[in-house]
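Residue numbers (this note's numbering), protein chains in the order written: chain A, -17 to 457; chain B, -17 to 457; chain C, -17 to 457; chain D, -17 to 457.
Please keep in mind that the hints were generated in silico from the structure rather than gathered at the bench. Careful, some of the hints might be misleading.
As the list makes no split between identical chains, a pair holds if one copy fits it or if it spans any two.
As the list claims (entries may be wrong) - Below, simulated EDC-like cross-link-like pairs (lysine to aspartate or glutamate); rule was C-alpha separation at most 16 Å, straight line: (1) 52 <-> 39; (2) 394 <-> 246; (3) 146 <-> -2.
All figures in this text were calculated on a predicted structure; none of them were measured in a lab.
4 protein chains.
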Amino acid sequence: MKRIVTKEDYVQSLKDLHHVVYYNGKRVEDITEHPGIRPHIDAAALTYELALRPEYEDLMTATSHLTGRKINRFTHIHQSVDDLIKKVQMLRLIGHETGSCFQRCVGFDALNATYMTSYDIDQKYKTDYFERFKKYLIHVQDSNVMLVGGMTDPKGDRSLAPTKQLDPDLFTHVVERKSDGIIIRGAKAHMTGGVNSHEILIMPTQAMREEDKDYALVCAFPLNTPGVVLIFGRQTNEERKFEEGMDAGNPFGLVGGEALIIFDNVFVPWERVFLCGEHDMAGILVERFATMHRQNYGGCKGGVSDILIGATALAAEYQGTASASHVKEKLAEMIHLAETIYAGSVACSAMGYKTPCGAYYPDPLLANTTKHNVTRHIYEIARLAHDIAGGIIATMPFQGDLESSEVGRYVKKYLAGAKGIPVEARMKILRLIENMSGGTALVESMHGAGSPQRRRSCMEGWEILNRRNAGRKRL
Amino acid sequence: MKRIVTKEDYVQSLKDLHHVVYYNGKRVEDITEHPGIRPHIDAAALTYELALRPEYEDLMTATSHLTGRKINRFTHIHQSVDDLIKKVQMLRLIGHETGSCFQRCVGFDALNATYMTSYDIDQKYKTDYFERFKKYLIHVQDSNVMLVGGMTDPKGDRSLAPTKQLDPDLFTHVVERKSDGIIIRGAKAHMTGGVNSHEILIMPTQAMREEDKDYALVCAFPLNTPGVVLIFGRQTNEERKFEEGMDAGNPFGLVGGEALIIFDNVFVPWERVFLCGEHDMAGILVERFATMHRQNYGGCKGGVSDILIGATALAAEYQGTASASHVKEKLAEMIHLAETIYAGSVACSAMGYKTPCGAYYPDPLLANTTKHNVTRHIYEIARLAHDIAGGIIATMPFQGDLESSEVGRYVKKYLAGAKGIPVEARMKILRLIENMSGGTALVESMHGAGSPQRRRSCMEGWEILNRRNAGRKRL
Amino acid sequence: MKRIVTKEDYVQSLKDLHHVVYYNGKRVEDITEHPGIRPHIDAAALTYELALRPEYEDLMTATSHLTGRKINRFTHIHQSVDDLIKKVQMLRLIGHETGSCFQRCVGFDALNATYMTSYDIDQKYKTDYFERFKKYLIHVQDSNVMLVGGMTDPKGDRSLAPTKQLDPDLFTHVVERKSDGIIIRGAKAHMTGGVNSHEILIMPTQAMREEDKDYALVCAFPLNTPGVVLIFGRQTNEERKFEEGMDAGNPFGLVGGEALIIFDNVFVPWERVFLCGEHDMAGILVERFATMHRQNYGGCKGGVSDILIGATALAAEYQGTASASHVKEKLAEMIHLAETIYAGSVACSAMGYKTPCGAYYPDPLLANTTKHNVTRHIYEIARLAHDIAGGIIATMPFQGDLESSEVGRYVKKYLAGAKGIPVEARMKILRLIENMSGGTALVESMHGAGSPQRRRSCMEGWEILNRRNAGRKRL
Amino acid sequence: MKRIVTKEDYVQSLKDLHHVVYYNGKRVEDITEHPGIRPHIDAAALTYELALRPEYEDLMTATSHLTGRKINRFTHIHQSVDDLIKKVQMLRLIGHETGSCFQRCVGFDALNATYMTSYDIDQKYKTDYFERFKKYLIHVQDSNVMLVGGMTDPKGDRSLAPTKQLDPDLFTHVVERKSDGIIIRGAKAHMTGGVNSHEILIMPTQAMREEDKDYALVCAFPLNTPGVVLIFGRQTNEERKFEEGMDAGNPFGLVGGEALIIFDNVFVPWERVFLCGEHDMAGILVERFATMHRQNYGGCKGGVSDILIGATALAAEYQGTASASHVKEKLAEMIHLAETIYAGSVACSAMGYKTPCGAYYPDPLLANTTKHNVTRHIYEIARLAHDIAGGIIATMPFQGDLESSEVGRYVKKYLAGAKGIPVEARMKILRLIENMSGGTALVESMHGAGSPQRRRSCMEGWEILNRRNAGRKRL
């Protein structure tokens, strides 16, 4: 496969993919021309585009430890604490450009988690997954493809194990083992960047027991493989993307263009299978992926929050409230919250360490802490943005009103703000705030990288025990 | 005017109104047939419909202290503490029916605030506003029209007084005094129930100084008066209202169908003018309206929150998590927060008192406290709803996917939840949660009845002094 | 017994009681002369003293529904919603006088809970507890004694039921039934006003099962009954009460002078036994007592918080920061939090209702909500008090330094604040803040009237179900 | 001066100091024998003792960049990001040992701030402060003395500048310049470790203007210099330190044994003066000291919180509630909060950078964020500790009761917890929790390293502007 270098290469590669994508019940022939999808493509394209800018080379690219070639950092295996920190800085940087999700970190984390775990499986079971995976990794690094990190299964009734579900396919599993590969069935939900990625790297959704071993599965395949069907999820205000203009709020969409991806008897050759039946390793892989994904959230959401804070400061300026002491106080609080989550991402990276396979891994407890703060602080940042921006973000007329020959003059007259500020500028910044502080954007900050309860559970075990013992020493 | 009794009467009266309404830059001929507006009409219609049910008669109706006739409570002047408490109970009741804003309390509060204040102006200035207003009130009670409570001006640059704005019309004002009435110009923003009301009762947006006396103005007129133009505001996911089906989430829309209402040289006869130039009374009226409007929020939002909490409990049940201890804990917290805001509304009513004109008035400090809690707790309730409902509310396929002959079977298969729960039921409840916890709904809880800073300011004056003196006594 | 009317009567009655009280391992002969105990006596004495002031007659006294005689409200059975509201107002009033706990509400609530429940037991079991209790009630009303409300047992290992404890006495129980009465053994912990009350009304600490029926027990007896031993609990900074002067912070002490009360084979005559073995009624009584006790917390803590807020405002004034915008903002937030808890107490009272025995009962869910907010807001009020008052409340020199001939001049010189403020005044107000925002005072707001988990549990049952059903109706 | 190596050396050096210390108005001849002071000495002594343990050598010691000699890290100038991170790890480590403040970081930060700033002054003004300071630094490193970091002035009326105060000494200033040195007058308040340090390094308390240039002053001198008087501050429950036994809660006291230090015409030779009159540099020095001091709080308070969390877990275990889901949830939340503050300290260190003089400096915004979280989370951790530990921490009998021949058996009987747990162990852990979650300990977390408003102000300037500009780019 030809290496994807530029934004144009990336868009063309998606045109050439011919995968089966549905949007609102209808097949999409060319996703790059689809207004509901294109913003997400443009966001992900920045991961290619920014890597070409000299000033960002240090953050956006790395040197492959396998080939020595320069690669996009999103395909790199972390070789140092510095790599872990640069990951976080890169995410904040791109967040500043998009004000939205740029999707590519999920596959990045899937690569690192699988790299570490396939090594460990080989150590324990004398398998050769690690060698297979390194070949796959070189393919990813050289072709620069974008990967879906495929973890979350639909899960049906959450109180039941995979094999206890009414429909065995509610968790993705192997339905047939053949000499040249396996047949899998199931689906992955909430797949960030799903429709505008090239391949998917499937991982189990949770720890698995002996009886669930067919569900213990890691494998990769292109999204145009027969049997793969992608359904784009419905987002907040998504119809606005079909209009041209300001009401969409953010040209890069919101969140990650998540999709439901169905595997209807998909064949995967053995060289792309990296865990198959070693059920005791599933939980370890999940934990590692989750840790590395939680590491990200203070980076990307920190960057995205900077834009929301800045937009809110501008909105205040445009309506003449920027110098009010309570406005400054609230903006300072928003900054405080954004820095708190960023601090978490930096700290778990700085406290990262080398694992047996040589890859570096962030501190799990601190990564967990980071994401837990994100589930709270992003909501509070949005709340403060609403406070400052005013009720107008919920009641502002349509762009169509502004442009109407009949009522446009009223909109211009009555939405005027401070002297010298064009009404269009004010409306645009308010629409951006609306876009960034609304429903879908908040939900993502809650559930990305695992729901609060799963993160909380990590803390309830040995961490409590640990401190209890520290307390006992003081008696 | 014929008395509006039934829901049908109400809808017909709106058809007959022929006021000038714009939606997305286009004139709407019949708002009752417009999918973007109809849900709000249906919500407001419940204020008529429920008043006819015997079981709700006590809450939904009252006896006019002026005529002795039975009237809709939304047109009543509070005659007792019991009236104040019934108001709150009525709001929670209707909130249970709509899960959304039913709009009619704004005009209700405007009536009460004007009643009390016109009396006081007459006492001070020997004017006859109170008599005029009582006649108007009888008209409202007998015809049972729905009123817009018109307080918030566009305000342009918030750091400048009305007369200092670049455009003098950014606050609504009298531009000409004539023998038979006045000509006014300006606009009112965020007008709840704007397009589906019959008349508007305009009030000043803030305290006014001597030089702003043309902006000190209370008057009423029908919305089909020449020069009145209404522009419907754009809401979160509003295009979904145009589709038939589940994706709209709530058949009663969300928030109050707010509109920008423009007064382009509107004539108002003197018998409908209730304050004109007595600038020192403007602040008093604003404070009274605000207090009575803040009183409401634990009632209506308490009721609406009950529905959101119930929907969240169902969503948990549908996906098999209802018995998890953390889910029960979070639902209990949501209830706690909803009851906290309801307690505020009940308390300010129970501590209400009789004013010189005979009308009862809720305790301002407690009403203030209530609304301040609403600006926080509604966000936290939404956050917890997201936590329990799961990422699916941000990534769920379109209704069009569910109904598609090509991918419908996949949606049915992979969105299945607990045994026996139809996929449609699960999707419907998730769409309801999405509707109720999203952008516009949150913003409304922040800014309705005055932004946090205006509420906060009320506390900073004599309340601090008050306690300081209590503290000093202890020295 | 002679009726206790004045503060002096009350103090004398305690001298005459000759009950067995220990303080720091030593028997206290006369508690009224003991500096560690006297502040609590003075606080409780205000419940007698204020009842004699004409301006407080309406709040502090009531008319007995049994005798028609005027009684202290703390011995009254609520006869109306108005009684419930006056209770809350009375508590806030006394809180303003003491800035501390005045202890007498516990017995008040015990009387009401037992009144209602003894009636119900009789209805169910044809017993005559209600008649016995009414006689006891008349004795309490006429003599105006102060009662301990004895609910909380030591409980040993909380994961075990009463009969499963290693020591059967860790819950108070009947050890022998005799013809003229019963012998009981056990203890009650955290007994507010324990040492300066006259009698105790014992109640069970939780719902009881069949096998725990000896632990289902309500009875009353004087604290000088043989076998009763009281041990005064150690409080924050309690040694300062032994010094004369400002460092004690508050002449009325802090919290309720709690005691551990031991029953070492205490005899109780049958006429003072109001539940004995009817185990199914224990949980009902606990719930009722808890509801009525939770009702109080927005009243007393609201009043106490007013003093802390006022003291904090004064401290700011004394050091020149009162006009800073952040100080005013924080004081406003403190007021907001205090009013939020007060609103809860008023609301649960306003929504109170008549029970079968005729007594009025506050709304349990709203009472629960009130106390739950107290467990959070009192801490936040303290935190804000610390913020404004400054680090000086943690590092201020001793009163002994101020009075020292060697270093007194340095203290006077360097603790000077704003012009004209005597150093002593500043130090006094800072010591008051320290007293009111410290350890014991906070813990009381957490655990009085039941720990958060017990309150939370009340919400998790039918309240969730209730809302779930409301949600379902919207499908 | 002989190098202080062991704990014994340290104690002896304090005996030898013969400085003028007052406690409760009385001169203390030997502070090492004084029960009110000794716990703080023992805490600080650990900074000597742990440095001798091989396993902590890497964290507790460093190599002087001036002399190449091994030194205690508390006297080191940070030479790398790794040094910054080790500082934080060292603080958490010692926090685990003391569960309290060990005081020595203040002088540490004062050394680093002065090092950096004296270099900058010389660059700007061609002075020789840096050379003087390096000599002083070598003295500190070699003698291993403990320094007070003297920043906070009494400040009188906070709304007035130093020269506008009624008493010019309310800010410390130069009163006379002589050929061999200067005479200073004033005081420093809240001086952590004040009485058990050897020397003080005085810094200005805020930015200074031209007219305040006599208040722009950095200098160092021993605490036994004539004219220096130290007054020990009164702490929560400090009398308990005079008893022998468990009621004191923590053998290392609580917070830092803060003192008011008075300079009554103290002579300081020029070689110990490091800034004198260069008023424009005062604000820079304050900001640097504050940043480095804020950096600490997630380290020391993180470590201290670990002990409180552990003690709380033990208390739950001792009373049979450790396996309750809400207890585990709350312990997990406490851990989350402790890790959040620790993450801040690590992150500001990891993002630290080299300054012109060669010393490394943590990221100011992240350091600020860290301390701001401490002002909230330590209170919440205390609140949760109270929740789990129970009301008993506010009402537990005295140790004197436990040991009493008369009532000791009752205390033992009724404070029994889970099987096999000695009552003494339970009481001890409860007293430790009481000690760590009470008044003074909380206040310290609020005001150490600057009050919230001063930290907040740092964010309100260019940080808002910064983000506003980022937001504008998106238009």
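Worksheet entry | Same-copy or cross-copy closeness of residue 394 to residue 246 [CA-CA at most 16 Å] | between (53 Å within a copy, 14 Å between copies)
Discussion item. Within, between, both or neither: how does the pair residue 52, residue 39 come out at a Cα-Cα threshold of 16 Å?
Written reply: within (10 Å within a copy, 40 Å between copies)
Practice prompt. Up to 16 Å between alpha-carbons, please classify residue 146 paired with residue -2: within, between, both or neither.
Written response: neither (40 Å within a copy, 60 Å between copies)
Hint violations for this structure: number 3 only, all remaining hints satisfied.
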